[in-house]
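**Q** Heads up: the protein sequence lines correspond to chains W, H and Y, in order.
According to my numbering, the first sequence is numbered sequentially starting from 1.
According to my numbering, the second sequence is numbered sequentially starting from 1.
According to my numbering, the third sequence is numbered sequentially starting from 1.
Treat the hints as calculated values from the structure; they're not laboratory data.
Treat the hints loosely; a few may be bogus.
[Unchecked claim] Below, computed lysine-lysine pairings styled on BS3-like, alpha-carbon distance capped at 30 Å:
id, chain 1, residue 1, chain 2, residue 2
1, W, K159, Y, K218
2, H, K87, Y, K208
3, Y, K275, W, K31
4, Y, K228, Y, K218
5, W, K158, W, K144
6, Y, K208, W, K168
7, Y, K272, Y, K314
[As the list claims (entries may be wrong)] Cβ-to-Cβ under 7 Å is the rule here; a few derived chain Y residues that face chain W:
id, residue
8, Q176
9, L226
10, W336
[To be verified] Chain Y residues, not near chain W, derived (Cβ > 12 Å throughout):
id, residue
11, T3
12, Y40
13, Y117
14, V145
15, P187
16, A197
17, R204
18, K208
19, V212
20, Q221
21, K229
22, N290
23, K325
24, S338
Note that the structure is predicted; figures quoted are calculated from it, not measured.
Built from N, CA and C at the ideal position, the CB exists for glycine as well.
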Amino acid sequence: METNFIIAGFGGQGVLLAGTVLANAFMIEGKNVTWYPCYGAEMRGGTVNCEIVVSDTEVSSVHKQDTDFALVLNQQSFDKFVQRVKSGGTIVANSTLVAESRPRSDIKYVFAPMTKIANDMGNGKVTNVVSLGVLSSVCKIVSKDFLAKGVEKVLGEKKKSLLPLNLKALENGAASLALV
Amino acid sequence: MQQIFSKPKSMKKDFRYTFCPGCDHGIAIRLIGEVIDELGVREEIISSTSVGCSVFLYDFLDIDAVEAPHGRALASATGVKRARPDKVVFTYSGDGDFASIGLAESMHTALRGENITAFCINNTTYGMTGGQLGPTTLMGQKTTTSPTGRNKDYYGYPIKIAEHIALCDGTAFSARVSLDTVANINKAKQAIKKAFQVQLEGKGFGFVEILSSCPTNWHMTPEEAHERVRNEMMPVFPLGVFKEI
Amino acid sequence: MTTEKVLIKGNYAIAQAAVNAGCQCYFGYPITPQTEIGEYLSGKMQELGRAYVCAESELGAINMVMGAVSTGVKAMTSSSSCAVALMQEALSYAASDELPVVLVNVMRTGPGLGYIYPAQGDYNQAVYGGGNGDYKIIVLAPSTVQECVDLTYRAFYLAQKYRNPVILLADGLLGQMMEPASFGEYPYPEVDVSGWALTGAKGREARKIYSVAPDEKKQIQHIYDLHKKFEVIAENETTYEEFNIDDAEIVLTAFGSMTRNIKAAMNVLRSKGIKAGCFRPVTLSPFPHNRISELALKGKDFAVVEMNMGQMFKDVKYAVDGKSKVDLINRPCGEWLSVEEIVAGVERVMQGGKAYAANI
């Protein structure tokens, strides 16, 4: 069983870091996982994205043509990746910056105001972690508990002071759909 | 019986120079050998030499040596020195090697202030390949690739190496010397020694540009060639110490 | 050191493995997609009191490595494609001088400047070399981040064991991706270099490491000796992986990070009833000609899958020597051939179709 995720946004939204947290969570859970970024010139100004593949067996290919889940934090990313979601797959979008639209009828749509949730917490920078919380509430194989461990691992000793804020962001993201 | 003359100990016992008659490479290498003896560092030395007539240094000095491709002696020496900072490292190049194909490596080694000593033989031509125009070929000089003489429109200008190296902040010593007279040979030896001493004291890059004759490619007798060093080269490439800290 | 798994980029894995292997000096010049190697080592080497130089160019970097390894220490440089091209002259010297140079090439797209997206277009450059004269380099091609660690260790060991340059041939995909990997301890013994390393001629004859040979007979013998040495390397060090090979009718063959994709394609083909197997050289030089030859004699066909215009393809064809069919499934660069594209390509060539190159 193999599942893949694309996380995308604009530079500075922390999408590569969100992907790193997700990949760490899977690794801690004992799964095979790969993380592959778009890299280079695109990193300045345009959209940034990374792709995470998780598998019970060896990961087949790290960069795929389509995706089971797309987690998109800005409009450009929505427009680009909505076309790459597999039929029956899910796009999870940041409705603070993405207009709610449903251009395809064969995929699921989840909209949550991720940037607003982060801003309400007093720190827009945790939008990426909020987005992972949202993802965990709509994707069975993404566990909030392992995401918490992933966050802890990525922050490490140096940034341990930021852990409570990030755990709260995860919680608020996961709870946001219930509030809608 | 008192022995009053011998070859330097750091030179091979059975060597015979294979340079052309009247070439100054032999004098320069011998001076380096004498200085190595006087500083007592033969067993601490690793040298790097690249391509040109200078490559024959291996055949005459009895010291550890690694070759480098043409122009890369200073990069190679940087590697040696960084790997073994306790060793004494020097390079020996021609002007084409040091200041044309290897200019980037040479200048950046000086800019980094590597504790390395470098010698550059300036004879205004590519000697080994038979006398072509090089980075130090004088204005008006005829070579096999400047048959009507060097002119600015076609060939540009010669480089003043010692002055350029002196401009680098990492340079501890930069001088230009000549081997045309006994007095100048003695001064050259002092400069060679100084260039080693700044390395031993950890002060930075030590450099000596050595004006040399190339009678074969200049189509001159050895005496005429030294006259040319004095009359034509020195006005363009003045002798002296350009930096000393 | 620990056997705990960490999620790490291929580039950082190579860099940390070099540290663990005892690499004393790193010399490098930035180029995407391998710059993280130099960035990581710049801090690490200073912290450990080892040497790090931001070289003036790739020419400078590789020649600094040559100087450093001539003194018996382990040293490396890393670069990518068009900049590795600048190092070819030095590799020829290093092979002739028998210097244990370690060079990491994280391949990008060529020819020329090309671009930063991944490719496998430097197979020929690494295996056949761009330097002059008859010389051979050991080339190792990792397929996962874990192998970036394992084969970096092996690169340092083989370089010193055989006094021969080694290229670790990775690609931009592998350099940039993250995957769990564990480092463990450097698993090889330290090689005794005291018989040849330059340390200053203290209490012994002076040593010269150089390739200039005015004596023709000596030069002839030297080249023979280098090639005899490589025969020993081929005998001892040729390594490859194979999967489901015994009953395979068609053998998907790839190197580097494409290996993952052919394994997945093999599984898809098997589920469709096609007897597919996988073959993957770990050492591209020495190349496992003998094994491929054996498999060809058993009547197994080959489909070579690579991100270039058929560079390893030629070596497989040479090994197969007309005994079975060899096809190429390829794209020159960019997005790795997907499992679906490989499966479609294999089905096409099995039906006698032409070699499959996307967009041609």
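**Q** Confirm or reject each hint.
**A** Each hint tested on the structure:
no.: 1; hint: K159(W) <-> K218(Y); in the structure: violated, 62 Å
no.: 2; hint: K87(H) <-> K208(Y); in the structure: holds, 16 Å
no.: 3; hint: K275(Y) <-> K31(W); in the structure: holds, 29 Å
no.: 4; hint: K228(Y) <-> K218(Y); in the structure: holds, 15 Å
no.: 5; hint: K158(W) <-> K144(W); in the structure: holds, 23 Å
no.: 6; hint: K208(Y) <-> K168(W); in the structure: violated, 66 Å
no.: 7; hint: K272(Y) <-> K314(Y); in the structure: holds, 29 Å
no.: 8; hint: Q176; in the structure: holds, 5 Å
no.: 9; hint: L226; in the structure: violated, 38 Å
no.: 10; hint: W336; in the structure: holds, 6 Å
no.: 11; hint: T3; in the structure: holds, 14 Å
no.: 12; hint: Y40; in the structure: holds, 16 Å
no.: 13; hint: Y117; in the structure: violated, 8 Å
no.: 14; hint: V145; in the structure: violated, 8 Å
no.: 15; hint: P187; in the structure: holds, 23 Å
no.: 16; hint: A197; in the structure: holds, 39 Å
no.: 17; hint: R204; in the structure: holds, 50 Å
no.: 18; hint: K208; in the structure: holds, 45 Å
no.: 19; hint: V212; in the structure: holds, 42 Å
no.: 20; hint: Q221; in the structure: holds, 48 Å
no.: 21; hint: K229; in the structure: holds, 36 Å
no.: 22; hint: N290; in the structure: holds, 27 Å
no.: 23; hint: K325; in the structure: holds, 25 Å
no.: 24; hint: S338; in the structure: violated, 5 Å
Hint compliance for this structure: hints 1, 6, 9, 13, 14, 24 are broken, all remaining hints hold.
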